[in-house]
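Undergrad: Starting from the structure of chain A, add chain B where the hints point.
Order-wise, the sequence lines are chains A and B. 1 is the number of the first residue of the first sequence in our numbering; add one for each residue after it. 1 is the number of the first residue of the second sequence in our numbering; add one for each residue after it.
Everything labelled a hint here was simulated from the structure, so no lab data went into it. Warning: the hint list may mix true and false statements.
[Unchecked claim] One side of the interface only, derived from the structure: several residues of chain B facing chain A at Cβ under 10 Å:
#1 Leu6
#2 Leu35
#3 Asn61
Ideal placement from N, C-alpha and C gives every residue a C-beta, glycine not left out.
Each chain is listed here by its residues.
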Amino acid sequence: MKVAVVRFPGSNRDLEAYHAARGAGHEATLVWHRSTDLEGADVVLLPGGFSYGDYLRPGAIARFSPVMGAVHRHAEAGLPVLGICNGFQILCEAQLLPGALVRNAHLKFVAKFVTVRVESTATPFTAGYAAGRVLRFPVAHGDGRYVADEATLERLEREGRIVFRYVGANPNGAMRDIAGIASEGRNVVGLMPHPEAAVDALVGSADGAPMFAFAALAAAVS
Amino acid sequence: MPRSGLLDPQGHAVEHALTALGFRGVADVRVGRTLEIRLEADTEQQVRERLREMCDRLVANPVTEDYTIDAVEPAP
Chain A
1 MKVAVVRFPG SNRDLEAYHA ARGAGHEATL VWHRSTDLEG ADVVLLPGGF
51 SYGDYLRPGA IARFSPVMGA VHRHAEAGLP VLGICNGFQI LCEAQLLPGA
101 LVRNAHLKFV AKFVTVRVES TATPFTAGYA AGRVLRFPVA HGDGRYVADE
151 ATLERLEREG RIVFRYVGAN PNGAMRDIAG IASEGRNVVG LMPHPEAAVD
201 ALVGSADGAP MFAFAALAAA VS
Chain B
1 MPRSGLLDPQ GHAVEHALTA LGFRGVADVR VGRTLEIRLE ADTEQQVRER
51 LREMCDRLVA NPVTEDYTID AVEPAP
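With the rest of the complex left out, here is chain A:
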């Protein structure tokens, strides 16, 4: 698969995402946010970081970057889009995912390993997991508290679109312990933890590797 990792000014987990994709056997490219096309990518990754310095709100300005037109078209075509951390914030600001990510409830930046449970395997990025599997991922964010109105939360629950939930300690006060969600079509997924930084036991966890697994993404694109 051809995987495009979009770099915004202030992205800082772009190379981790790139290496995670390459490690899974994909052909990965880094695409600058001024680009208006995704160079024929099958899968789009919006990496973590602090695009535009988080000015105004995280993701609020990046969502208007030229590349986002192509990301919208990619998502609307039903092709896989994964937003990690700042990428998740951008997808929410761009209304490709519902809800928003706001300041952590305890107001502190949190950087540590957390435990999440796979709540849905019906997405291209979680098809490689067994449902209910518990994973260790690092988090590193100041604005990771997922919020949405009650109707949206109920709808996400009912439609099985909550993809990851924190287990045990909730690091940011996210509503219903939500760590990641999917779009209505299940092809757009966003999460606050960093699976791309957990693809090798050498760095403390390889639990993120299945998110980039070739077979599931190839099946989603074909």
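TA: Below, chain B alone, put in the same frame as chain A:
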């Protein structure tokens, strides 16, 4: 401003600090932001329309924030 009903941890922190300083009767604090925008237009109505559009598209996130447009003053 953060939507009422949405936990505002910054507001809580300021509320606690004010109480700790001895200010009595502080019932609630919410922390938002103010933007000062200078723009050219012919009428106040035009200004308000454009400001509303700016708020809806970029300045405020409708999921988490409410906004108000305060005084529109002609530049000297």
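Undergrad: Now tell me if each hint is right for this structure.
TA: Here is how each hint holds up against the structure:
The closest approach between the C-beta of B/Leu6 and any C-beta of chain A is roughly 6 Å, which is under the 10 Å cut-off, so the hint is satisfied. With a least beta-carbon distance of about 9 Å to chain A, the hint placing B/Leu35 at the interface is held under the 10 Å criterion. Because the beta carbon of B/Asn61 sits about 6 Å from the nearest beta carbon in chain A, less than 10 Å, this interface hint is met.
Checked against the numbered hints given earlier, this structure breaks none of them.
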